[in-house]
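Peer 1: Heads up: the protein sequence lines correspond to chains A and B, in order.
For the first sequence, the working numbering gives the first residue as 1, with consecutive numbering after it.
For the second sequence, the working numbering gives the first residue as 1, with consecutive numbering after it.
Just to be clear, a hint being listed does not mean it is correct.
What the hints assert, rightly or not - Distance condition first, Cα-Cα at most 35 Å in a straight line; then the derived DSBU-like pairs of lysine-lysine: (1) A/Lys71 to A/Lys14; (2) A/Lys11 to B/Lys68; (3) A/Lys57 to B/Lys68; (4) B/Lys61 to B/Lys49; (5) A/Lys11 to A/Lys57; (6) A/Lys71 to B/Lys68; (7) A/Lys11 to B/Lys61; (8) B/Lys49 to A/Lys14; (9) A/Lys71 to A/Lys57; (10) A/Lys57 to A/Lys14; (11) B/Lys49 to B/Lys68; (12) A/Lys71 to A/Lys11.
As the list claims (entries may be wrong) - One side of the interface only, derived from the structure: several residues of chain B facing chain A at Cβ under 8 Å: (13) Leu44; (14) Leu48; (15) Gly53; (16) Ile60; (17) Glu64; (18) Lys68; (19) Arg69; (20) Pro79; (21) Thr105; (22) Gln110; (23) Pro113.
As the list claims (entries may be wrong) - Not everything, but these chain B residues come out facing chain A in the computed CB check (under 8 Å): (24) Leu46; (25) Leu56; (26) Lys61.
These are computed hints drawn from the structure, not numbers from a lab.
It should be emphasised that the depicted structure is a prediction, and the values quoted were computed from it without experimental measurement.
Backbone N, C-alpha and C fix where the C-beta goes; we use that ideal spot for every residue, glycine too.
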Amino acid sequence: DTGVSQDPRHKITKRGQNVTFRCDPISEHNRLYWYRQTLGQGPEFLTYFQNEAQLEKSRLLSDRFSAERPKGSFSTLEIQRTEQGDSAMYLCASSRGQGAYEQYFGPGTRLTVT
Amino acid sequence: AQSVTQPDIHITVSEGASLELRCNYSYGATPYLFWYVQSPGQGLQLLLKYFSGDTLVQGIKGFEAEFKRSQSSFNLRKPSVHWSDAAEYFCAVGAYNTDKLIFGTGTRLQVFP
């Protein structure tokens, strides 16, 4: 169990640029989640995948956000035309199943939009 | 709508003192309840979870939590705090038919020697 990894750990970008983050889940986990955490708040759910299928998206996920998990393994989260309000920690988690199964979190990618 | 409230934004205790962090939830069905800890620059680590059965659950690092349905609470406790417990603590609620966790806003714990 090597844990959930995320890349990059930090990203500074200028407003209007596109950014992409990567998440590698624990290998035997079929569910993968993205959350966003802003300063002073708890993580907020963005979206999740079961294998390669994206099953739920939060209303927080505007049209500028897109997530993929093309082969049911790693996932990418892309933000187009970044805005200063997108500055946050983006957390990825994975689990074996829904509900009672523990979600294991990665270290996060901190995005700063200038 | 489901929600989690952590009334204490910041708590300061002396090393060796007891600790209780409060969590109240709102959820129509039987909830699954979790406590996570987040150290600076780190991801969230699960301390303990409640699904059913015994309402007093034991977790890692000497933490325990008690589920009280009548009070819609799931408070986290530790009898003797160590300096290494200083971190941010998050309570979260989930359910059998959903994959997303709803988190509270967190409680920052500061420990003085």
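Peer 1: Each hint: holds or not?
Peer 2: Going through the hints against the structure:
| no. | hint | verdict |
| --- | --- | --- |
| 1 | A/Lys71 to A/Lys14 | holds, 31 Å |
| 2 | A/Lys11 to B/Lys68 | violated, 42 Å |
| 3 | A/Lys57 to B/Lys68 | holds, 31 Å |
| 4 | B/Lys61 to B/Lys49 | holds, 14 Å |
| 5 | A/Lys11 to A/Lys57 | holds, 23 Å |
| 6 | A/Lys71 to B/Lys68 | violated, 42 Å |
| 7 | A/Lys11 to B/Lys61 | holds, 33 Å |
| 8 | B/Lys49 to A/Lys14 | violated, 40 Å |
| 9 | A/Lys71 to A/Lys57 | holds, 19 Å |
| 10 | A/Lys57 to A/Lys14 | holds, 26 Å |
| 11 | B/Lys49 to B/Lys68 | holds, 14 Å |
| 12 | A/Lys71 to A/Lys11 | holds, 25 Å |
| 13 | Leu44 | holds, 4 Å |
| 14 | Leu48 | violated, 10 Å |
| 15 | Gly53 | violated, 12 Å |
| 16 | Ile60 | violated, 12 Å |
| 17 | Glu64 | violated, 17 Å |
| 18 | Lys68 | violated, 20 Å |
| 19 | Arg69 | violated, 17 Å |
| 20 | Pro79 | violated, 25 Å |
| 21 | Thr105 | holds, 5 Å |
| 22 | Gln110 | violated, 15 Å |
| 23 | Pro113 | violated, 26 Å |
| 24 | Leu46 | holds, 5 Å |
| 25 | Leu56 | violated, 18 Å |
| 26 | Lys61 | violated, 16 Å |
In this structure, the earlier hints numbered 2, 6, 8, 14, 15, 16, 17, 18, 19, 20, 22, 23, 25, 26 are contradicted, and the remaining ones agree with it.
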